[in-house]
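Visitor: Protein sequences appear in the order of chains A, B and C. Heads up: the first sequence begins at 1 in the numbering used here, then just goes up one per residue. Heads up: the second sequence begins at 1 in the numbering used here, then just goes up one per residue. Heads up: the third sequence begins at 1 in the numbering used here, then just goes up one per residue.
Note that these hints are calculated values from the structure, not bench results. Among the clues, some could well be false.
Beta-carbon label-pair distances, calculated as ranges [said to hold, decoys possible]:
| id | chain 1 | residue 1 | chain 2 | residue 2 | range |
| --- | --- | --- | --- | --- | --- |
| 1 | C | L268 | A | V189 | 52 to 62 Å |
| 2 | B | S477 | C | L268 | 51 to 61 Å |
| 3 | B | K317 | A | L87 | 46 to 56 Å |
| 4 | C | G68 | A | L167 | 19 to 29 Å |
| 5 | B | T651 | A | L87 | 20 to 30 Å |
| 6 | A | L94 | B | K317 | 45 to 55 Å |
| 7 | C | L9 | B | Y298 | 27 to 37 Å |
| 8 | A | A229 | C | F299 | 43 to 53 Å |
| 9 | B | K228 | A | L87 | 51 to 61 Å |
| 10 | A | V189 | B | G474 | 30 to 40 Å |
| 11 | B | Q487 | C | H69 | 30 to 40 Å |
| 12 | A | I251 | B | S477 | 49 to 59 Å |
Ideal Cβ positions, reconstructed from N, Cα and C, are used throughout, including at glycine.
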Amino acid sequence: MEDERPLIHTDPEFAVAETDVHVIEGSGTVIGTSLWKDAWRRLLKNKLAVFGLIVVITITVVSLIGPLIIKAATGYTYDFIPNNVVLIKSMPPLTGPEGSFSWAHPMGTDNSGRDLLARVLLGGRISLMVGIISTMVSLIIGISYGAVAGYLGGRIDNLMMRLVDVLYSLPYIILVIVLLAMFRSKTPVGQLVLLFIALGSVSWLTMARIVRGQVLSLKNQEFVLAARATGVSTTRIIFRHLVPNTLGPVIVYATLTIPSVMLTEAFLSFLGFGVQPPLASWGSLAADGIQNIGIFPWQLIFPGVTMALTLFSLNFLGDGLRDALDPQMRKA
Amino acid sequence: MFELTLKQITSLIALLAFALAGVSCKSAQGEVFFGKTKPPDRNVLHYYTGDEPESLDPQVSSGQPERRIYMALFEGLVEYDPKDMHPIPAIAERWDINDDFSEFVFHLRRNARWSNGDLINANDFVYTFRRGLSPKLASRNAGFGYYLRYGEAYNQGAVFVRDASNHFLLEKDFASEGNASQQLGQKQLTPAQSGYKPTAQESTSDRDTPFHQFMHSPARLTLPGDEKTRNSLMAKDAKLKVAVAGKEFVEVKAEDIGVEAVDDYTLRLSLRQSAPFFLGLLANQFSRLVPRSAVNTYGEQWATPGHMVTCGPFKLKSWKPYNELDVERDPMYWDSASVHLDEIDFYPLVDLSTAMNLYKVGELDAVSNHTVPNAWVDVVRQKKDYMIAPEAASIYIHINTTKPPMNDVRVRKAFNMAIDKDNWIKWRKIVKPLDGIMPEGIFSGYPYPKGDRFDAEKGRQLLAQAGYPVTKKGDGSYECPTFPVDQVEYTFPTASTNKTMAEFMQAQWKQNLGITISLRSMEFKTFITYRANLEYKGMAFGAFSADYLDPYTFSSIFYTPTGDNGTGWWDQKYVDMLDEANTLPAPRRFELLARAEQLMIDAQPIIPIETGAVNWTKKPYVKGLYPNAGSLFAWKFVYIERDPSKWDYSTPTLTN
Amino acid sequence: MLRFIIRRLLVTIPMIVVVITLTWGLIRLAPGNFYSGEKKIPKAVEKNIREKYGLNKPWYVQYGRTMGHIVRLDFGDSLKYQGQLVNTIIARSLPVSAIVGILAYLLALIVGITVGSIAALKQNSKWDYASMALAMLGISIPNFVLGPLLVLLFSLALYWLPPSRWSGFPSRSVVLPVLTLSAIYMAYIARLTRAGMLEVLRSDYIRTARAKGLRERDVVIRHALRGGIMPVVSFTGPALAFLLTGTVVVERIFGLPGLGNYFIQASLNRDEPLILGIVAFIAMTLLIMNLLVDIAYAFLDPRIRY
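Assemble the whole structure, with the sequences as input and the hints as a guide.
Guide: Written out as structure tokens, the structure reads:
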């Protein structure tokens, strides 16, 4: 989802001020420490953003090690179907097969008797992984593309940005759906790779634009002239000198892209095009849960609330980051 | 950035969680009925019928969703009684049956009309049967017409053999495989138990037309119409070849089928064998009237809104594909005064849980059989509007008896005895056990034979006798290393209930015999052909629902080695028993059929698993809709009761 | 202005061609046959299909044929829905999607702009905090979680509204799908409006208007709002693309016979004619809507000239 405000650092005057800070500091290093420390301090003051950060970290950690703990403690995994036929049914949270209280399944089970908590945690792993990796894919593509276009300028830049404009107005989701529907991979891992590529290719466009804007305003700075004068190759200039200076808005945009990509992946899995069984993501868990919403609502509520909470926190974090890195846009 | 405190956020989340919990508690809680029970304002029933109907032509489609729609739009000679499905008069007022159940004479009422006002007479039935069996129509239900004399021959495009002096070769002169057809008796007609007495003037026993005499003459020999098949048949039978030489092949025509309009309101059906169950068969959609006028005018498109002409209690009002099919009361119907509902709206849906949700909210007043999803049954069967009744359907496992190792009856018995079926039944909760092929508790008066009990040890002994000894391992589990597991697998059509059953069976065989049978699932239509052609290795899933309410519908599964049989088992003794049973009066008939079933059980071509149970719900204010064994409902008896004291507060009883 | 429109239209047409080509390419490149999916078809039927679609000819000939038909808006018969023209299916399902989509967006606009404006006017008040928190919630709850929860509450528990199926418009079956679909847009639009209004309210010409003694209401509605909703207008473009996925999911949840649902079914069934038809239609709609948005933008902001 495109960010709703004009992003920082497109105003040339301001960009100059930033880099002037670098130059004043006198350090040859690309990343000025005081700027980041400032931002970090501002971020910490924002209670909501901190809350978001904590939740995100908690969920990530729990998703990673949680399944191992559960397996060690109870033997349940996300695909463990009990042998005893009596247990193959959907039990409510904290309830045993006969209806009595039981710690065995804190989130209940699905229709095949699989522990829902284990499945929600797996969903977390997959959803977060898809979100992060796809965002990284789009980062790599977007940054390279935008930086090259911005630095080279002129006709090439024009052409490259035209292409971005054209691609922008394509109905991406349609093509992605058709792609995933036609090329169903045989292995779950293959399907994931397909997803990474498909989702990554959706969000690189805006990244490219942002980076290009940044580069445009930076490329006439003295440090760039200095690098050129000393004979640094174009590639090095772009990737070692210019790109790191664009990191501010890139980080902000990336943090806001992750939830949007996760949401898209959830849509696709919900419709049946994304993650395939036996793997599960929050989207596919929601699809399974909706079937039984009237009778076993916990099958939808737990994955749904977990996902909402994660997205909520990521959004807060992203907002906080943006405000931290972008002081002059702060509302009174 | 605004500063919403952490406290405010947590309280917001807590509020939401509380609301959700409250709602989900209410929805899972103990309401007496499953959902809202407010009768609809208008006198309209909303019914979930299954998938989108393929066609509204009753002779074309054989699917379940269409069946109930056909029963609203079309009527035949007889109708299913709403409670026990025995045949009750419909367009036929009364009927006479001869002593060996091979000839049926129907006396039609004179006031039956089509929806366009035209009167209905016996010629409409003649047309309907002839059209249904015509090879061009290629009806999938044509088998229902095969009991009529020469019905099968006409449908298969067979030929008679005629010599120069216009004499036809007779069937009795040539031994044929399996079906030794009965000669029609020359006995007197006796009246049937329909509650009507025939009047002296109406007796047709001496109304002997030339066609009737033709029907009573010895059956003519029929040969396949296709030359190649015929030649290969003749090559195997020298006597046949000689007899046929020099003679002419005459196509079996529609006029040769054993239906005759003796006069405008008398219809005579002549069968090729004794069939006491034949009346029940006539309520099937295949034998419901098809309007000749509409078919002649519009051809294949006759069954569409605007063109359609119907003869049932309702006529077509509108049809929005994949959305809704509405039928409304037909004032031209002969019994329109007894029809209670003004309209029925059929909703075609694909998803079972969607249907149940709509039912819960009251958008649907009743759903068709097998609509409650398996995972929901535990919860829904606690409600008073869940129908608890047995179903005339059997679930079993076919065994391919033509290939080793399953061609050894000891191996088959071992596999049967190694399953703890009681445990399975307990989990399924609503179904009953099955010992043979007849669903338990359906046919009153039928002496159900018993099958083998669960006996894992005996099973292992049998396997050892057959040459596959089972040894016990150190950890207490079994193994059977000599058993050729690559020759045996279990195939089933893809559906979650089938998969659970497959996994259960697999676990049982592994646990009790030490043999791990691999599972294979495939798409339904592919599966049906795969099994019918005996291409499967070892075992395959089987489910059979009654076509009519008589044990013979199940017995006849093994009458021929092909078709629904799917096991390759065939025994002349069994066929003889069946043929003889059909000539016997009621109690002795059942005894003989039961003995035939015992013969089948001893041969173990199938592993019986469970007797089906109906699985549907209806609102308490819907009356006249009974959970009969076939889930087929004559809609004219259904009505909406608005006085709560008269509602159904439990499953309505099926006895009178 | 006119030149701008014409130029954009000229660009639109090749774009649609590109989209259709890409889709066609994906379908044909995919492994397996596009006409059978997983089922095995009898040889005779397969032969008929291959002849009908000219699959024996080289790919560029097939492509040319397909495009030739499409240019005349002839998408042929659906493969799965026997005997139904793709155009018929689209005509039948379009109104459903359109009604739900338009109502959802209108609702989102009305509620979102109102809430966002009031939040901006009453900045830092309780109202501001509460509505922005709700907006954040709206963005974070996926519609396939919100929808079923609404169904659980208003339909299965309270029996007020139907849980699925489309009973035409207007009817109660419209309510929940529209609510579900519009939630996220309401949230975004509220935030955008608030941000935009805050900026505008600080600007000089508003200060002038206030200084002139105009009533606050006039200041807001006649002057500030025009500038304040600019971010909302520019959001409409990408929002439309998102509305599409949202519609697909909502149609799935509620079983609506709309374009999105048919598109998903067609993709799963590999129903090439139907896929191409719907894709072409959607691409056209999106591009035209984007154009309209840009025109609206020009009307609203006199500073923009094309």
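Visitor: Work down the list of hints and note, for each, if the structure agrees.
Guide: For each hint, the structure was consulted:
1. C:L268 to A:V189: 52 to 62 Å: 22 Å, violated
2. B:S477 to C:L268: 51 to 61 Å: 43 Å, violated
3. B:K317 to A:L87: 46 to 56 Å: Holds, at about 49 Å.
4. C:G68 to A:L167: 19 to 29 Å: 27 Å, holds
5. B:T651 to A:L87: 20 to 30 Å: 29 Å, holds
6. A:L94 to B:K317: 45 to 55 Å: 51 Å, holds
7. C:L9 to B:Y298: 27 to 37 Å: This hint is violated: roughly 46 Å between Cβ atoms.
8. A:A229 to C:F299: 43 to 53 Å: 50 Å, holds
9. B:K228 to A:L87: 51 to 61 Å: 58 Å, holds
10. A:V189 to B:G474: 30 to 40 Å: 38 Å, holds
11. B:Q487 to C:H69: 30 to 40 Å: 52 Å, violated
12. A:I251 to B:S477: 49 to 59 Å: 58 Å, holds
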